[in-house]
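Here the structure of chain A is known, so what remains is to put chain B in place on it, guided by the hints.
Spelled out, the chains give:
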Amino acid sequence: MMPDWLPPAALVPLAPLLGALVLTLVRDARAGAIIAIIASAAGLAFACRLPWLMGSGLFVLVDPLSAHVAILTAFVGFTTAIFSYRYILVELASERIKASRVRQYHALFMSFLGFMLMALLSNNLGVTWVAIEAATISAVLVVSLPRSANAVEASWKFFLLCGVGIALALFGTVVLYLAAFPALGSGYAAMTWTELARAAPDCRGPMLNLAFVFMLVGYGTKAGLAPLHSWMPDAHAEGPTPVSAVLSGSVLNVALVVILRLRGVMQANADAIDPGPPLMALGLLTVLFAAFSLWGRRDVKRFFAFSTIEQSGLAAFAIGLGGVAGTFAALLHITVHTLAKSALFQCVGRAAQRKGAQSFQAIGGLIVSDRALGLTLATAIIAVAGLPPFGLFSSEVLIISETMRLHPYLVPLLGIGLIVSGWQLIARLISLCLGEPSDSPGPAVSWVAMIPAWVHLAIVLGLGIAMPVSIAAWLAAAATVAK
Amino acid sequence: MEHFGYGTMGYDVAHMLGGGVLLLSFALLSQRRIAALINIYALQAIVLAAAACWQGFAQDAPHLYITAAIAFAAKGVIIPLALHRFVHRLNLSGSVDTALGIFPSMALGVALVALAIMVVLPTTSQSQALTREDLALALSVVLLGLLMMITRRTVITQVIGFMSLENGLILAAVGVEGMPLVVELSVAVLVLVAFVVFGVFFRRLRAQFHSLNVEHLDRVGSAHR
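Chains A and B supply the protein sequences, listed in that same order.
Going by the numbering used here, the residue at position 318 of the first sequence is 327; the numbering climbs one at a time, nothing skipped.
Going by the numbering used here, the residue at position 14 of the second sequence is 17; the numbering climbs one at a time, nothing skipped.
Simulated from the structure, these hints should not be mistaken for laboratory data.
Just so you know, even glycine gets a beta-carbon here, dropped at the ideal spot from N, CA and C.
It is possible that some hints are incorrect.
[Unchecked claim] Here chain B is said to cover these stretches of chain A; the calculated rule only asks that three of the stretch's residues, wherever they fall, bring their Cβ under 8 Å from a Cβ of chain B:
1. 165-173
2. 176-187
3. 190-201
4. 212-226
With the rest of the complex left out, here is chain A:
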């Protein structure tokens, strides 16, 4: 049975991390991919038990919010590990990744996933910080794996910007500890999320403000919020595609969950500023900036990275709206966007391999040349563009109606951002999927490879058309935790 010192929730991050350790010893590409699939499946299986393990300890925190995002992260990690199996074999055959690097790829991918889950389930701000930092280092190393000059540049930029962001977040953590010091005294209590939430009214308000600014900028960098978003397009464009699929979901979610918890602490304190307006301003700025940045992109992955930045800004905006309704909309949006965007990146990865390039010029007429791939990609783009009947439509309607209720003058700005980006996405759908097919030097893509993406899109569709009452209640519980 389980030893006492190891809480069952700790198994969730431990499974991928152990997998990463084993993978450092495995040379064979196929065996490595299979071990990665097993490790991430174990992580997902343990994560699915989380709803029955609610509670908090000194280091572990399982509440509906962390359980929900952990299940989501573990699920995307699992399907992406399946996707990686074939993706890496094709990359090996085309010599874009050297055989000696494949071992590093799987090990780093699993350690990235493990540290993300650790950050989500940690009750201690210090541990959360260390886990996010370790995940960043893993991600940087993965992005640099293709060893092209561009990949090295992209990972360097990624590392410097996120390193600075993370450093500022640590400074914010120290200040937050100081703010909680009079209420909770010295020791671990003042660094624990649950204790902080309880004692928030007695913390020093002005110091909470200072902590909030640093943590918002620091973790905001990781969430890709403007103006510190510029690492994201490069990292997405140059790194291996499975990493884009996970990066665009989990890193951003983890950072937003931290900001969400911090918002709860700020709101409970009478002396602290209202965290809503700064979050909304930053979110709106990000949405508008990213929407107009979509124009004139030539690289497919770079284009969709800007779309991810835009969605992250929208989620931050919804978090800033506050209240249970706003938080519910933010969580729903994070969930459906993560699923739809990772499906989209899986398709883009296959398409880039099939066409031998990742520029818009080189990819065209996918529906004619590869029917399953083209149709799946088109569906994923429609989902990400926020068109009905997919889940992003519901979440965006919720966000806009809540904005209409609380701050009606912001609706036009938000609308401009959403319309511009939706329009760009649909325009790109036409050029990618319809028309005359372009040259296809790469291996054909069978429909079997599309199954993970179909599962993602089916969930997004289900949440859009008919969300089960139980899931709505579950999301509402998560939103109430962090209201």
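Frame of chain A; chain B shown alone:
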């Protein structure tokens, strides 16, 4: 805590050491020669180690000695030696290009320190004198590290700027009474790991660009936009 009242020995020494770290940040900002930059960074790490030691003694917190030892060994000795080796092997010695001249960057640095003091002191009015001033000093060091990363163009100076920024973080963490060990250790680990990452980067950058000038790094952005 009686050790840290205004005018006591504990206050004076801690204040002096924190001020020393800040002074060395300015020295980093004013220096163009790479070898000298590395030496100043090492000196800053050693002063930081002394500050951590003193806090460990005054707060009666033995774990801070470990922080001090790590700062001294890793950042005061091992990393500077390795950097010197790199610079020597890659033939990089000489002076650094600056995006902003020495005088304007020093003036900006002074403005940043003023900003840090104006931000920290009013928000911490209920805390004890030392914590407030330590935090203001630490924030100044962090901001000066950022300034150095922005205004100096080579990879090696950006790395040194980043590491001096982290010195500021440790200064903040050790100055806070009773802060659990997690933070100090994690920062120390970060620096070690980060250095490994940096080391790998250096080698690759060298192979791919034959120069460590970060202006080459604009290529991804401009070509694929």
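**Per-stretch coverage check for the stretch 190-201 of chain A, three Cβ contacts closer than 8 Å to chain B** = holds (count 7)
**Request:** Examine the stretch 176-187 of chain A: at least three residues should have C-beta closer than 8 Å to a C-beta of chain B.
**Result:** Contact hint for the stretch 176-187 of chain A vs chain B: holds, 9 residues under 8 Å.
**Asked** Per the coverage rule (Cβ-Cβ under 8 Å, at least three residues), is the stretch 165-173 of chain A covered by chain B?
**Response** holds (count 6)
**Assertion that chain B covers the stretch 212-226 of chain A - criterion: three or more residues, beta-carbon distance below 8 Å** = With 5 residues in contact (Cβ-Cβ under 8 Å with chain B), the coverage given for the stretch 212-226 of chain A holds.
The structure agrees with every numbered hint stated previously.
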